[in-house]
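Please take these sequences and the hints and turn them into a complete structure.
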Amino acid sequence: MSRESLTSLAAAAGAADPETGLAAVAALRRLLDEVETAHVARARAAGWSWEAIAAALGVRRQTAHRKHAHATPKERP
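Residue 63 in the working numbering sits at position 63 of the sequence shown; the count goes up by one each step and never skips.
It is possible that some hints are incorrect.
As the list claims (entries may be wrong) - Label pairs and their in silico Cβ distance ranges:
(1) S8 / E51: 33 to 43 Å
(2) R66 / T20: 28 to 38 Å
(3) D33 / R3: 14 to 24 Å
(4) S49 / A16: 36 to 46 Å
(5) A15 / P73: 24 to 34 Å
(6) A16 / G47: 39 to 49 Å
(7) R66 / V25: 16 to 26 Å
Keep in mind that the hints were calculated from the coordinates and are not lab data.
The beta-carbon is built from N, C-alpha and C at its ideal position, and this holds for glycine as well.
Structure (structure tokens):
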């Protein structure tokens with residue numbers, strides 16, 4: 001997504017019209033979820049623990065694992 005598109009979405013999120021604002025918030029949330037998942041996958045590939053990822057995200061380990069385990073390679077015992 002281009003910088004202009006992000007700027008446009010951010011501006012729309014602050015719109016006075018609720019329909020416009022909510023649609024922009026939903027689009028931003030989807031984008032942030034994709035970016036977060038990509039960074040978690042990179043962190044796991046780099047050897048980060050679920051504890052370290054959770055700390056960086058400001059959530060509990062179980063929350064980070066539940067949200068992102070499906071998008072990362074299976075752990076070996």
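Query raised in the report: Which hint numbers doesn't this structure obey?
Result: Structure breaks hint 5 only.
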